[in-house]
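> Sequence:
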Amino acid sequence: MGRVGAGSKLVQQDYKISQLFHIPLKSKRVSPFTEIAWKPTSGGTIKFNCDESSIGAHPCGAIGIVIRDSNSVFLGAISSNIGYASPIDKAMAMSLSNICLKTDSIIVVNAFNKDVGVPWKMRIRWNNCIKFCKSITCSCVHNLREGNMVADALIG
Numbered sequence: 001m002g003r004v005g006a007g008s009k010l011v012q013q014d015y016k017i018s019q020l021f022h023i024p025l026k027s028k029r030v031s032p033f034t035e036i037a038w039k040p041t042s043g044g045t046i047k048f049n050c051d052e053s054s055i056g057a058h059p060c061g062a063i064g065i066v067i068r069d070s071n072s073v074f075l076g077a078i079s080s081n082i083g084y085a086s087p088i089d090k091a092m093a094m095s096l097s098n099i100c101l102k103t104d105s106i107i108v109v110n111a112f113n114k115d116v117g118v119p120w121k122m123r124i125r126w127n128n129c130i131k132f133c134k135s136i137t138c139s140c141v142h143n144l145r146e147g148n149m150v151a152d153a154l155i156g
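In my numbering, the protein residues as written are 1 to 156.
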């Protein structure tokens with residue numbers, strides 16, 4: 001009998017013993033496997049994959065940004081203090097008019113889409129970035145951390 005069969009037999013024994021002594025058996029739930037892969041954008045949209053990192057309650061941390069076009073062509077990367085770099089600043093510098101920001105931070109996505117949760121120390125800079133985004137085609141969507149591995153590696 002192989003290892004799978006032996007493990008199955010042990011589970012059956014555990015179940016029988018738990019039933020004999022009226023002990024509820026807790027089963028572990030296994031999350032379904034989800035493949036996470038980088039996918040290019042459609043049309044002429046430029047994708048900014050961003051990963052942020054901060055320590056403690058400090059509102060400014062480090063950021064890693066990877067920039068690619070809709071043909072998956074690498075356009076650049078940034079690794080910097082958030083106080084000195086943002087994907088929107090880079091989009092302005094590159095004169096882009098159609099961008100998609102992908103981040104693993106729900107806080108950033110909510111701040112962008114619902115205008116909530118922006119620390120007061122960053123409010124003026126944030127409002128300037130949002131003003132630029134409203135003048136172009138810009139979206140901000142959540143991406144699982146595993147989908148931002150290159151950007152994550154940039155911030156170490």
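If you're looking for bench data, these hints aren't it; they were derived computationally from the structure.
Be aware that one or more of the hints could be misleading.
What the hints assert, rightly or not - Distance condition first, Cα-Cα at most 20 angstroms in a straight line; then the derived DMTMM-like pairs of lysine to aspartate or glutamate:
{"hint": "1", "residue 1": "Lys90", "residue 2": "Asp104"}
{"hint": "2", "residue 1": "Lys114", "residue 2": "Asp104"}
{"hint": "3", "residue 1": "Lys134", "residue 2": "Asp89"}
{"hint": "4", "residue 1": "Lys114", "residue 2": "Glu146"}
{"hint": "5", "residue 1": "Lys39", "residue 2": "Asp89"}
{"hint": "6", "residue 1": "Lys121", "residue 2": "Asp89"}
{"hint": "7", "residue 1": "Lys134", "residue 2": "Asp152"}
{"hint": "8", "residue 1": "Lys39", "residue 2": "Asp14"}
{"hint": "9", "residue 1": "Lys39", "residue 2": "Asp152"}
{"hint": "10", "residue 1": "Lys39", "residue 2": "Asp104"}
{"hint": "11", "residue 1": "Lys131", "residue 2": "Asp115"}
{"hint": "12", "residue 1": "Lys90", "residue 2": "Asp152"}
{"hint": "13", "residue 1": "Lys39", "residue 2": "Asp115"}
> Indicate, hint by hint, whether the structure satisfies it.
Quick rundown of the hints versus the structure:
1. Lys90 / Asp104: Holds: lysine 90 and aspartate 104 sit about 19 angstroms apart, inside 20 angstroms.
2. Lys114 / Asp104: Holds. Lysine 114 to aspartate 104 sits at ~16 angstroms (cutoff 20 angstroms).
3. Lys134 / Asp89: holds (14 angstroms)
4. Lys114 / Glu146: violated (25 angstroms)
5. Lys39 / Asp89: Status violated; Cα separation ~23 angstroms.
6. Lys121 / Asp89: Between lysine 121 and aspartate 89 the Cα gap is close to 17 angstroms, so the pair holds against 20 angstroms.
7. Lys134 / Asp152: Not satisfied, since the Cα-Cα distance of roughly 27 angstroms exceeds 20 angstroms.
8. Lys39 / Asp14: Not satisfied, since the Cα-Cα distance of roughly 44 angstroms exceeds 20 angstroms.
9. Lys39 / Asp152: OK: lysine 39 and aspartate 152 at ~17 angstroms, within 20 angstroms.
10. Lys39 / Asp104: holds (15 angstroms)
11. Lys131 / Asp115: holds (12 angstroms)
12. Lys90 / Asp152: Holds: lysine 90 and aspartate 152 sit about 18 angstroms apart, inside 20 angstroms.
13. Lys39 / Asp115: With Cα atoms ~27 angstroms apart, lysine 39 and aspartate 115 exceed 20 angstroms; violated.
Of the numbered hints stated above, those contradicted by the structure are hints 4, 5, 7, 8 and 13, listed in ascending order.
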